[in-house]
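A.B. asks: With the hints as constraints, model all of the structure from the sequences given.
Heads up: the protein sequence lines correspond to chains A and B, in order. No gaps in the numbering here: position 219 of the first sequence is 219 in the UniProt record's numbering, and each next residue is one more. No gaps in the numbering here: position 91 of the second sequence is 91 in the UniProt record's numbering, and each next residue is one more.
Treat the hints with care, as some may be off.
As a list, the in silico DSS-like pairs of lysine-lysine whose alpha-carbon atoms are at most 25 Å apart [said to hold, decoys possible]:
(1) A:Lys97 / A:Lys34
(2) A:Lys206 / A:Lys34
(3) A:Lys206 / B:Lys153
(4) B:Lys197 / B:Lys228
(5) A:Lys155 / B:Lys228
(6) A:Lys81 / A:Lys118
According to the in silico footprint, chain B covers these stretches of chain A (three or more CB under 8 Å from chain B) [as the list claims (entries may be wrong)]:
(7) 46 to 55
(8) 146 to 152
(9) 209 to 223
Hints in this document: simulated from the structure, not taken from any laboratory. These numbers come from a predicted model, not from an experiment. Glycine included, C-beta positions come from ideal geometry on N, C-alpha and C.
Now for the letters of each chain:
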Amino acid sequence: MPLKPQKTKLDPRVEPYGDNAVLVAYDVLGYSEKASNAIHQLSDTLRDMNLWTNVVPAYDSLMVTFNPMMIELSSALNTVKTSLNNLSKAKKDKPIKPIDIPVFYGGEDGPDMENICKSSKLTETQIIKRHSSRLYRVCLMGFIPGFAFLSETDKKLHHPRHATPRLKVAPGSIGIANWQTGIYGLESPGGWQIIGRTPLSIFDSKRQEPFALKAGDQVRFIPQGKV
Amino acid sequence: MRDPILTILNGGSQTTLQDAGRPGYRHLGIPKSGAADRLSFALSNFLVGNSWDAPALECTLGGLHIRFEKATRIALSGAEMWAQINGQNVETNRALPVNKGDILTLSFARIGCRTYIAIEGGLIGEPFMGSVSTYTPASLGGIEGRAVRSGDKFHCAEMENIGSQSLPTGYAPILSRHIVLRARSVSEWSWLTPEAKRYMYTSPFITTPDTDRMGARLIGDHIGLINKTPLTSSPILPGTLQIPPDGKPILAMIDGHCTGGYARALQVITADQWLLGQIAPGSPISFRRCVVEEASDILRGRNAFYAGIMPGFWF
Numbered sequence: 001m002p003l004k005p006q007k008t009k010l011d012p013r014v015e016p017y018g019d020n021a022v023l024v025a026y027d028v029l030g031y032s033e034k035a036s037n038a039i040h041q042l043s044d045t046l047r048d049m050n051l052w053t054n055v056v057p058a059y060d061s062l063m064v065t066f067n068p069m070m071i072e073l074s075s076a077l078n079t080v081k082t083s084l085n086n087l088s089k090a091k092k093d094k095p096i097k098p099i100d101i102p103v104f105y106g107g108e109d110g111p112d113m114e115n116i117c118k119s120s121k122l123t124e125t126q127i128i129k130r131h132s133s134r135l136y137r138v139c140l141m142g143f144i145p146g147f148a149f150l151s152e153t154d155k156k157l158h159h160p161r162h163a164t165p166r167l168k169v170a171p172g173s174i175g176i177a178n179w180q181t182g183i184y185g186l187e188s189p190g191g192w193q194i195i196g197r198t199p200l201s202i203f204d205s206k207r208q209e210p211f212a213l214k215a216g217d218q219v220r221f222i223p224q225g226k227v
Numbered sequence: 001m002r003d004p005i006l007t008i009l010n011g012g013s014q015t016t017l018q019d020a021g022r023p024g025y026r027h028l029g030i031p032k033s034g035a036a037d038r039l040s041f042a043l044s045n046f047l048v049g050n051s052w053d054a055p056a057l058e059c060t061l062g063g064l065h066i067r068f069e070k071a072t073r074i075a076l077s078g079a080e081m082w083a084q085i086n087g088q089n090v091e092t093n094r095a096l097p098v099n100k101g102d103i104l105t106l107s108f109a110r111i112g113c114r115t116y117i118a119i120e121g122g123l124i125g126e127p128f129m130g131s132v133s134t135y136t137p138a139s140l141g142g143i144e145g146r147a148v149r150s151g152d153k154f155h156c157a158e159m160e161n162i163g164s165q166s167l168p169t170g171y172a173p174i175l176s177r178h179i180v181l182r183a184r185s186v187s188e189w190s191w192l193t194p195e196a197k198r199y200m201y202t203s204p205f206i207t208t209p210d211t212d213r214m215g216a217r218l219i220g221d222h223i224g225l226i227n228k229t230p231l232t233s234s235p236i237l238p239g240t241l242q243i244p245p246d247g248k249p250i251l252a253m254i255d256g257h258c259t260g261g262y263a264r265a266l267q268v269i270t271a272d273q274w275l276l277g278q279i280a281p282g283s284p285i286s287f288r289r290c291v292v293e294e295a296s297d298i299l300r301g302r303n304a305f306y307a308g309i310m311p312g313f314w315f
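C.D. replies: Put into structure tokens, the structure is as follows:
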């Protein structure tokens, strides 16, 4: 008899965070698509309530903040718990159209490509192929404006951060940190292994719509130039 | 364009234009920003008769020189700084008339870190997502999203103004050199060693020289962790105290990152977060445990108290 796929029950903590926030955390190690799906479904549900001052989804956790003069902490906790319990009853979201991100891999645009080649024992072409052949979810935005934290990369590409961060990472840089991959929206210091760069402007405060990406979006990397 | 209200002669260590901030965009990686000490900022506006959230200058540690280009009224609140107009000492927490050509100098902070300079009618800055607050890491708000510098000119917003007022007794916050922050244990508190849990609420810490609007690193008793697993990037808030593996806590400030990757041990209660803005490099600070009922009661009480003189104000 074939083994049935094991169903792991996801049971998050739901707890107060200070006096004006509630934290939901699944505490998975690494990336869990199941937890990520649940977080984004919960995020959409909570955002639609127009009750919260912030709804901040992350990889396996979510935080809502509220005005404690308008809502009691206990009632905020209950509202989040109820929304969580009703999640499974919610309809599955229809598939969203992925956003194409053109990327120039390696060379000056990807100064750490060599590091990934060494650790993965793959050629640059193979790395580009593996990095650009899957769909990623934008799991969260931050730590700086416009920085997109994406879902898990191909296992062969996992690589730790630099021990000492670079003082300047060019805007649009695409990096790898352990199992994560991400896009720097702005020039900033940073410790991720940079493998390429997109000419697309991810964050521009002068633009009508400053953010090219938001949490929950799906993105696809399109290699540019000679591959 | 109308004549400017003031010219910056020297920006000092860091002076920025701030208002009540741009809340609600943490999911986009945009911190709230705004005045680091919301209470002193609001009081400076109250004194000149502005709405409490009118844009004002936030001077960090001192070194600011301003020339006024028109007669107006100003008020200083916040850190105790050595302040002079044309070489004459002036007091904080009262409305001060200035004339065309007068020069205001803020020399250095004796107690606290940030002084607010409110100008009758408020100042004009570059808006981004509903606020002119300066957020330098992404060059948002203020003047080109940066700290002010010599030669910058500001125009008066000419917002509704009810004329200068004096602060009733008991409303001026009293700053002390040693800042005590009431806090609640949060999310990864259980990762701390038993000794670390004891130190957290009993030992003093000193902030390092790189303390700024984003955060402060704290030096003191080693805060050890029993669980050294790196945390997956998770949401944090201003007032969150994170514990990196080196045992030196990091306190997130008003411009702090929206997510962090270290154990979250404490969260400063909302009613005490204005004090974060008065934490200078080298300040001694301590944390005191607060239960949730206490935190809510303190906040309700403080909000009601200050909203009594500043309608709509909240911490």
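A.B. asks: Now, for every hint given, state plainly whether the structure supports it.
C.D. replies: Verification of the hints:
no.	hint	verdict
1	A:Lys97 / A:Lys34	holds, 20 Å
2	A:Lys206 / A:Lys34	violated, 37 Å
3	A:Lys206 / B:Lys153	holds, 22 Å
4	B:Lys197 / B:Lys228	holds, 15 Å
5	A:Lys155 / B:Lys228	holds, 23 Å
6	A:Lys81 / A:Lys118	violated, 46 Å
7	46 to 55	holds (count 3)
8	146 to 152	holds (count 3)
9	209 to 223	holds (count 4)
Checked against the numbered hints above, the structure violates hints 2 and 6; every other hint is satisfied.
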